[in-house]
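Chains as they are written, first to last, in this note's numbering: chain A, 1 to 743; chain B, 1 to 743.
Errors might be hidden in some of the hints.
Copies of the same chain look alike in the list, so a pair counts if it fits in one copy or across any two.
[Claimed, not checked] Here are the simulated DSSO-like pairs of lysine-lysine, each with C-alpha atoms no more than 30 Å apart in a straight line:
id	residue 1	residue 2
1	K477	K315
2	K614	K482
3	K208	K614
4	K477	K268
5	K611	K208
6	K208	K309
7	K45	K639
8	K571	K377
9	K455	K676
10	K619	K72
11	K315	K663
12	K477	K657
These are computed hints drawn from the structure, not numbers from a lab.
There are 2 protein chains.
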Amino acid sequence: MNSKKITSGIALVLMLQGAYAQQKLSGFNGEHVQQQQQLEANFDKELSAAAIGNNIKTLSAQQHYLGMPRDKWVAENILQQFKSYGWDARIETYQVLFPTPKTRVLEASHPENYKAVLKEPALKEDPSTGQPDELATYNAWSADGDVTGELVFVNYGLPEDYEYLERLGISVQGKIVIAKYGRSWRGIKPKVAQEHGAIGTLIYSDPKDDGYYQGDVYPQGAYKSEYGVQRGSVMDMVIYPGDPLTPGVGATENAKRLERAEATNLLKIPVLPISYHDAAPLLAALEGPVAPESWRGALPFTYHIGPGKAKVHLKLEFDWKTVPAYNVIAFMKGSQFPDQWVIRGNHHDAWVYGAADPVSGLSALLEEAKAIGVLAKNGYKPKRTLVYAAWDGEEPGLLGSTEWVEAHAAELQQKAVAYINSDGNSRGFLGIGGSHALEPFVGEIARGITDPQTKVSVLERKQAADIVTASTVKAKKELLGKKDLTISALGSGSDYSSFLQHLGIPSLNIGFGGEGAGGEYHSIYDTYENYSRFKDPGFEYGVALSKLGGHAALRLADADVLPFDFRSLAKTINGYTTELISLAEQMRESTAVENQIINNNAYQLAGDATKPIKAPALKSEVPYLDFSKLQNALVALDKATQQLQEARSKAPLPAAKTDALNKALYQAEQQLLYDKGLPNRAWYKHTVYAPGFYTGYGVKTLPGIREAIEQRRWQEAEEQIAIAAAAVNRLTTYLQQAAAGLK
Amino acid sequence: MNSKKITSGIALVLMLQGAYAQQKLSGFNGEHVQQQQQLEANFDKELSAAAIGNNIKTLSAQQHYLGMPRDKWVAENILQQFKSYGWDARIETYQVLFPTPKTRVLEASHPENYKAVLKEPALKEDPSTGQPDELATYNAWSADGDVTGELVFVNYGLPEDYEYLERLGISVQGKIVIAKYGRSWRGIKPKVAQEHGAIGTLIYSDPKDDGYYQGDVYPQGAYKSEYGVQRGSVMDMVIYPGDPLTPGVGATENAKRLERAEATNLLKIPVLPISYHDAAPLLAALEGPVAPESWRGALPFTYHIGPGKAKVHLKLEFDWKTVPAYNVIAFMKGSQFPDQWVIRGNHHDAWVYGAADPVSGLSALLEEAKAIGVLAKNGYKPKRTLVYAAWDGEEPGLLGSTEWVEAHAAELQQKAVAYINSDGNSRGFLGIGGSHALEPFVGEIARGITDPQTKVSVLERKQAADIVTASTVKAKKELLGKKDLTISALGSGSDYSSFLQHLGIPSLNIGFGGEGAGGEYHSIYDTYENYSRFKDPGFEYGVALSKLGGHAALRLADADVLPFDFRSLAKTINGYTTELISLAEQMRESTAVENQIINNNAYQLAGDATKPIKAPALKSEVPYLDFSKLQNALVALDKATQQLQEARSKAPLPAAKTDALNKALYQAEQQLLYDKGLPNRAWYKHTVYAPGFYTGYGVKTLPGIREAIEQRRWQEAEEQIAIAAAAVNRLTTYLQQAAAGLK
């Protein structure tokens, strides 16, 4: 094929896709399709990249972490914006625990009584940095502590890293560990260290992960420089997020509170994040075995595991005060279904300036609110109520959103159609995760939004990137044949968690990224200057995010029949089940082979006598698990979703039936909740989506089953299969009834 | 199974294997089995680790590169040792070209007129280092040159690295390139640079590959320090090795010689190896795109590709003199078949002190010669002639061995039963490569030699390591079921090349390694001190190598029927053919998919506008190749090898038939030679084994076909299939005749 033909071929495809985008608007009947398209076109016209940039500049001009005066200033600024756009807005305040540092000492007896700097220097190239009283570098929810001990390097601090240490005969009992940022959510590192008897944890940013190894450092480039530190929460959010003292209920003034010592998601050991400048002398002084290749970073010396002659002293004290969390909630009342809420949210608190995190996403949300306000001034009335929210206290542990959700739980389970979340945004590729019943819906939206850089749809650009970066020819081939959007499952790390995983409200997390990588995350260098140079110069991806969030909110608000498609959910759960069956198979085979290798003494024979290491421990054999309950449940679910789709696709239904159907559709996902929750973390009630117990942000799908298998608790795996099957069966029955209601 | 049972299970296996080792001695009849076992036991008793250590100390005490007085001293010392052991030894001298450096200048305009050090400092911890007039760091066979240009970083300098540069729009035309040592033989780097128009090449040792990233540096540990430099040849040995002026003939005094400009294996551009100390300022001054992840090393800055503002000046002049190469050749005449030679060799020249390379292997060989000498004094007479050789000039390009083989080609093709090579040796795992007809033979030997560290057989230890390091469960499972030794195919890099690939003489390359990794290779730090601390403390792996080489030589010398088993060869070629069919299939699929991705414009859509990169070029579609000729030839070969095996396994043959059979067996591999050789490199005549045109040391099996496919020359691939099939058919006919002769 010559290149001319190719080009015109592409043009033809683009035209057809454009036409398709015009046609496909699920849930809208007859002339409503065109009305909605016109509405969205009008909405788009009101979006201004410059206005988004201005908001990023204003709201990130000073630091504004939870509990400080500027945090309140930001909330009130947002409140005023909502009001000025014509929304009915208010601030809902909760009283939450929030520790800030009083004392931070890190020193080592070698090299020569090293005293850590623990400070990010201001940069003359970035005038935002170096403002008075910048929040000290720390991990929120570290325990108070004053500990001295030998140091052990534990790689990323994951359970498998400790298995390797065990093989080396190195214990962290009574020692301080130093772990690299990355691979897991940061809070997992001190948790696992504590499980293994460590008395303190240091977490540092290795230049291999987000520093000079990746690219030029700030301010020359975007990556983390020598003194950069990632702040962040180490609350054990996978037990429960939100105010640690009020699990499951809103942290109102008079809520019943736990004692701090009773909170099961708080650490017992001190934790401190440090720069590689401060980590390097400590690491260089370590002795003991050379770290294996996968543990090594980019510092210019040999990484040893330790311990060494040097002792490390870590002293941390915090001010454990209760502070107000200001959630800004804006309503635009639905004209037909005021008690059906389409909720859109982004947090507003930042660790320091937070231009990227969270202000970039927040500013896109505010731009949506502005544009919807203009539509409303011009006569637009959403059928359902739009709720736009700016959460406080997300950074320390999703505090603001969780307390709001817990306080309004019953109301939300009645009214919430869906929750659409965003957070930091940058140049690059569409990223959407969430409830798979909404997968076709967001696919339609993505097909209609143009990528600012390439001028194809953001869906097409994402698919191109997926194809190019796929690791095998087989995967590339499959992706080439795929036309629809695949969305990911949600773990944790932003404000959707309580909506989705605690209440079963259909949720989406939306954004762009992949071309804005850098090292500013949670540091003083996440500034407007940095953002506008490296993340989204021109703020066009901010506009794209506004379109994505706005179109989703407007379509859900106005749809005749809500665009949930449970066939996608059924297919997805089916895929997860297949994965788990295959996971168990693979574990069975690898366990058998690995045990045979261990029993054959091969590790001893293959080992270097000068580098003693034990063979891995023998593992329990993997029994055959009975997945049939779940498989049969999924067959039934599949049928029910097909039947519902057929039933609803019949010519316009009488209004009463449509109303009943809509309510059934948006509440359906709650059938997947299991009231007793996941093992040892009852707050998490969704049987399909949860953050991983040992990954943190990273999702585990069918989490009860998956984590039981991964952690080799075979009895529990069987129980969890039954629980998941029952949840699927509840959903099946529920959808069958919904379909029956249409007859 | 409990661990007690496991242990006794292992003990039982060991006992059985011991018994098996007693029984299995292919090629020996009746009481000869036990005689040979007794001989080998007596041989083993004469081996002394201390003596090997002493030889390493003595022969590496001063530098002894080709052409210098100490090189001659070493040759004469070896000659005297052979003579003292009772061998009939002599020195055979060839006159070979060998350049040494006169002028070496490397400087850069930035940073601040940097002038490279180009010198390895002496270490007080290693008294061997810092002797007068240590050979300057250089690459032999670099062209003379005085060039100035911008610098471009080309990763490892492989063809695919230049494909990536092409996508970035970076040309090396008229520029100097800097490449990392590793991934290919060093000579490939300037060759490919020259092909792309570069005017000079720097090769440096990145600390990621053999420096602090891998482990503690010398003298604390074994790895390469800041100033360490790898010397080495950059002759294009894959065209032909040996004296560049006398390809195909021995470089005797009066041999007809080419002009230097006519030698097709010499570079036209200057090349210099440098330390990372000298490379770091040059690399840090580069601008342009950030190097992709797989290009980055362990220096503490962002790796850019270049070019930059800095200009680099490289000036090199060499003294192109002709020097004598002293091969020491020792004979112990065969009592029954004096004209059947079992040849054992190791080179004696070193780049500097060369304790590991080559003296560790050489000292094991000399220990074998000593022990065989004792056997002879006690009455032992080998049936066939033993030829023990110490080659000169291996380092600059296998000069000594190649010239000897070329000079004696006709005689060797008549007389040489096999060539057994070794080179540097260290602690660790058995490594054997070579002619696959000898695979079962060396497997029997390996099963009878005890590993010094683990006390199991060296075969069992190797297999344990193979299993533990296998990358997939599937591979581990397969290896668990495997009891026999698999040997690798030979590329280049030591003195077997001319025997095997030019003359078709069955060859083996033997040694131990894997636990002696370090950064001393071809530097002044390859000293006795280094070797005895890190490579083989106690020299017990030297003894193990002596056993391996000695048992192999003695069994080949004394076997009633030579232990060639062409079933292994047939099986191996069959495996290579399957690989190639699968390679073509995979290339066909990946080409189709990749071309579709390119035609879909996905690379443009997935690309970051701030980091422009072209899509890869469209590739020619992969046609279906006709492998049937080769497949049918292999079916016939398989049958012929089975028939031969059946025929020879019949009760003792009359002596005349045995004699004819033996001669047929050891000359059989010559049937696989193709007189016109490989495309564009006629010196390489073996149709099954060759060094890769773009890998250097790395082997390409069925090289004519494989390289044609890899380089997408489809017509040539078809031709080479026919050539390989014809070679296999010749071998089949030959073996059929040998079998017929036994009737």
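Against the structure, the hints:
1. K477 - K315: neither (55 Å within a copy, 51 Å between copies)
2. K614 - K482: between (47 Å within a copy, 24 Å between copies)
3. K208 - K614: both (29 Å within a copy, 27 Å between copies)
4. K477 - K268: neither (50 Å within a copy, 44 Å between copies)
5. K611 - K208: Classified as both; 26 Å inside a copy, 20 Å across copies.
6. K208 - K309: The answer is both: 26 Å in one copy and 27 Å across copies each meet 30 Å.
7. K45 - K639: For K45 and K639, neither the intra-copy (43 Å) nor the inter-copy (79 Å) Cα distance is at most 30 Å.
8. K571 - K377: For K571 and K377, neither the intra-copy (42 Å) nor the inter-copy (82 Å) Cα distance is at most 30 Å.
9. K455 - K676: neither (48 Å within a copy, 57 Å between copies)
10. K619 - K72: neither (54 Å within a copy, 60 Å between copies)
11. K315 - K663: For K315 and K663, the Cα distance exceeds 30 Å both inside one copy (54 Å) and across copies (81 Å).
12. K477 - K657: neither (43 Å within a copy, 60 Å between copies)
Hint check: violations occur at hints 1, 4, 7, 8, 9, 10, 11, 12; the rest are consistent with the structure.
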